[in-house]
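> Letter by letter, the chains look like this.
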Amino acid sequence: MLIRRANDIASSEITPEAIYRQRRQFMQASALFATGALLPGISEANVRLAAAANARYSTTETPTPYKSVTTYNNYYEFGTDKSDPAENAQNFRTHPWTVSIEGEVKHPKVWDIDALIKAFPLEDRTYRLRCVEGWSMVIPWVGFPLASLIKQVEPTGNAKYVEFTTLHDPAQMAGQRIGVLDWPYTEGLRLDEAMHPLTLMAVGLYGQTLPNQNGAPIRLVVPWKYGFKSAKAIVRIRFTDKQPQTAWGRAAPSEYGFYSNVNPAVDHPRWSQAKERRIGEFFKRDTLAFNGYGDQVAQMYRGMDLRKYY
Amino acid sequence: MNVTRLKIATFLLALYPLIRLLVFAATDNLGANPIEFITRSTGTWTLVGLMLTLTITPLRKMTGWNSLLRVRRMLGLFSFFYASLHFITYIWLDQFFDLGAIIHDVYKRPFITVGFSAFILLIPLALTSSNAMIRRLGAKRWQQLHKLVYLIAILGVLHYVWLVKKDLTQPLIYAGVLTLLLGWRLWHARETK
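Residue numbers (the UniProt record's numbering), protein chains in the order written: chain E, 1 to 310; chain R, 1 to 193.
Hints were generated in silico from the structure; no laboratory data involved.
Mixed in with the good hints, there may be bad ones.
Said to hold, decoys possible - Simulated pairs of lysine-lysine, DSBU-like, Cα-Cα distance not exceeding 30 Å: (1) E:K308 to R:K147; (2) R:K7 to E:K242; (3) R:K165 to E:K67; (4) E:K308 to R:K108.
Treat the numbers as computed from the prediction; the structure is a model and nothing was measured.
Whole structure, please, built from the sequences with the hints as guidance.
Written out as structure tokens, the structure reads:
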């Protein structure tokens, strides 16, 4: 039996490392493209986004598989079943798209989405996401801090809150043709919450542009609050002096408060919030106060009764 | 169709939801949250089973097809079977026998209280479903006991209405069907008086 020793390989046969890496990248990209044609959620519209990893604000927990993140969605504009958005949002048009910054700001502006995405350096941030229904995921988002945008438009002294409004287009959003919620979907944050470095405007996940069912072209991500606070497909960001009405707050005020901070000690009226099921895991795990971001955000709520301001 | 064939057909159809779940489990098609899927599926089929069981009498009266009565017991027992799977999924896969959490749930959440009651009420009906038990109880008492199924179906639908976060379309369809089925009985009882 002939066993070739390493020094038998001619140096001409050894691939330089740079070329080897390029090949790997090419193969990975091809594989991604090939599977993309088969998987819901990856379409040709999903392009890679250049973003710097932000380790400071990222969890090292294992991200939830891409397939789960993009096929298990609460996005009532596209239907109330978790599988509806991935099916009904495929032809959703995210271009042309504008985001209007209005209200109590010195420099209101209507942003074109492409310009907005280029205006601020993008970051990769892996956050935990806890849904009010008791399930959770770990998602590698791509986005920029909302604070960067806010600093640029300079809120006036009257600005105390920020209101987010989702696109209202029943022709494209089948779920809006039935009055499940009072459309368009609105959400809100206090200005200090909106300015918090963890608050992200996400334009992608897993290094690529957001799939439609995850809130393309731009959505909010507030990792210490229940998922429904993170409005998707945002068209308007308005600064106000009064606490904005939220879609779920209008629908069921006793169940969905304005703050909706993840809090295992305060039950939803119809279910406990003490535990959660991480998608892909068998056993439930304990839910952490502020979804584990208490060190960073708890001081914003000092002195507040979080049972009252749920 | 003769009675044996009708029974075999009903048995196979009633097994369909279980086989479907097993196939989905084997082929990794239970979705991102399999426990939720199993819970919803077994719950749905319990309700479907109860509705079908309650359809037998009106259908028999309307068509005169008396052999239908011979599959009512099987449909009722299959409802109990899917209700048991639903219950087991909840206490085992969902809560993992965390008795504290379960008691807290049953006590505090109306939709679980109602669902739990419906399941408990189904047990005596399942236990008395044999001919021997009918004889032991006497037909009259047996029939009175089994009228509980009306209450059970109402509680089951209420359980569904209460758990849904916002879109009530599905539970209201069941509520509508149940209203028809129970309404027919009331109307029929008056007519035949």
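> Each hint should be assessed against the structure and marked as holding or not.
Do the hints match the structure? See the list:
1. E:K308 to R:K147: Violated: E:K308 and R:K147 sit about 45 Å apart, past 30 Å.
2. R:K7 to E:K242: 66 Å, violated
3. R:K165 to E:K67: 25 Å, holds
4. E:K308 to R:K108: Measuring from Cα to Cα gives roughly 19 Å; hence the hint holds.
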